[in-house]
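**Student:** Listed below, chain by chain, are the residues.
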Amino acid sequence: MATPRPGPPLWLLAELTYRCPLHCVFCSNPVDYARHEAELDTGQWLDVLAQARAMGAVQLGLSGGEPLLRDDLEVIVEHAHRLGFYVNLITSGIGLTEARAKALKRAGLDHVQLSFQDSTRELNDFLSCSRTFELKSRVASIIKAQGFPMVLNCVMHRHNLPHVGRIIEMAEAMDAQYLELANTQYYGWAWINREALMPTADELAQAEDVVNRHRARLEGRMKILWVSPDVVEAKPKACMNGWGAVFMLVAPDGVALPCHSARMLPGLDAPSVKDFSLHDIWHRSHAFNAYRGDDWMSETCRSCDDKRQDFGGCRCQAFLFTGSAEATDPACRKSPHRAVVDAMLAHAPQARAASVQPLRFVPNAARQAGLLYRSDANSLALSPEPEAAC
Amino acid sequence: MSLVADFQPALSPMFRLQFEPAQEAWVLLYPEGMVRLSDTAAVVLRHCNGSDSVAQIIEALQREFPGADLEDDVRGFIADARQHGWVA
Chain Z
3 MATPRPGPPL WLLAELTYRC PLHCVFCSNP VDYARHEAEL DTGQWLDVLA
53 QARAMGAVQL GLSGGEPLLR DDLEVIVEHA HRLGFYVNLI TSGIGLTEAR
103 AKALKRAGLD HVQLSFQDST RELNDFLSCS RTFELKSRVA SIIKAQGFPM
153 VLNCVMHRHN LPHVGRIIEM AEAMDAQYLE LANTQYYGWA WINREALMPT
203 ADELAQAEDV VNRHRARLEG RMKILWVSPD VVEAKPKACM NGWGAVFMLV
253 APDGVALPCH SARMLPGLDA PSVKDFSLHD IWHRSHAFNA YRGDDWMSET
303 CRSCDDKRQD FGGCRCQAFL FTGSAEATDP ACRKSPHRAV VDAMLAHAPQ
353 ARAASVQPLR FVPNAARQAG LLYRSDANSL ALSPEPEAAC
Chain H
607 MSLVADFQPA LSPMFRLQFE PAQEAWVLLY PEGMVRLSDT AAVVLRHCNG
657 SDSVAQIIEA LQREFPGADL EDDVRGFIAD ARQHGWVA
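Taken in order, these protein sequences are the chains called Z and H. The numbering used here puts the first residue of the first sequence at 3, with every later residue one more than the last. The numbering used here puts the first residue of the second sequence at 607, with every later residue one more than the last.
No wet-lab data here; the hints were simulated from the structure. Keep in mind the model is a prediction, meaning the values are calculated, not measured. Mixed in with the good hints, there may be bad ones.
When the alpha-carbon atoms are kept at most 20 Å apart in a straight line, the in silico EDC-like pairs for lysine to aspartate or glutamate are as follows [what the hints assert, rightly or not]:
1. LYS237(Z) <-> ASP344(Z)
2. LYS107(Z) <-> GLU638(H)
3. LYS225(Z) <-> GLU677(H)
4. LYS146(Z) <-> ASP686(H)
5. LYS225(Z) <-> ASP177(Z)
6. LYS225(Z) <-> ASP686(H)
Please model the entire structure based on the sequences and the hints provided.
**Tutor:** What follows is the structure, given as structure tokens:
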């Protein structure tokens, strides 16, 4: 499998800002996000969109942080719509007033994905360290009133897996088209909090049974997406459909990345849209070519037929578990490091016992029940100051 | 799923049909997803305007592609498209 010339980056994710009113314990932003405060300005974003569209990008995700914190969001949406993108807003809903929803509709926004943390106010607000549950419920009705297709997204972990039935009923009551039950992927903040978030295989299996029952009942009305976690299935996922195959992320400061968490891979040297064209970044940069094809693979992966389906799994997971981004994805049964993953899964019930504490909502708490919140202060404390250039 | 001849399929509001020069294909876009359509699928979907019935669509396609026996294929495709939620 020589490195084929990649097709276009069909899916562009524009993370417009790392600023966010929520402090979710499983946030996919990099742990050191507070060290990257600079944001592309409106003109720079419009240029990024035009370049991506010219290359053949067709799906645009506008996310963050909270994209509604950018007051030029409407301008960006209008430009994207004119270029022919299908425009997805990925939001916590905070800041989505009726007036703004109308303006976004006029600008050509196609779809809103609204995140929830749970079906109950207590857990939603606890997990995001914010008082946002009721506001989100109001926002859901504003989204529907404007006629947007609405996808509800809920990140799943051991605290809310037992509520999965109620989460589905909530999505149904809100008249969502899709419900994404996204089992936590352990990178960034979720990696730091993995002991407190990791469910047992039994808890996952029980939740999946509930999902399947509701799926049958809701056939034709609401789709439910549920993907069993790769670490539990012991089967690597086709991460991003292959490195640098269809997906490009542009971070708030203009750094282009092949996935949400690649920013933390040492030596990746991710290029910035301020320095290079998107075309050069996609086709020529080291970062986007690093794990294309199979030259980089271990012998275990290169000689495995499954590489055509899973493209060698996830590089970030390999790095976090083994210290080497080239290693066989430790989710895989064939990985020499699989024992580390098994130990983590086996540890989940004890980890739970150790952190059984009442879940209380305490504003501005940095830590609760063994969980570390995503916040500027925690981000700065967890990431070393970059060395000053000499 | 059987289709009555006077069913007037229309593209569901969640979906957008457009030609993508970079892929040299018609695609169907929906929240965070895309289906690349075959030429035939695209031709049929472009006729799903909400006012033409299945019978009228078949008639129109017969005029566009004379000599081809399209009826079963078109009915089958529209039934599938309805199942996927692309048309209603």
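**Student:** Go through the numbered hints given earlier and state which of them the structure violates, listing their numbers in rising order.
**Tutor:** 3, 4
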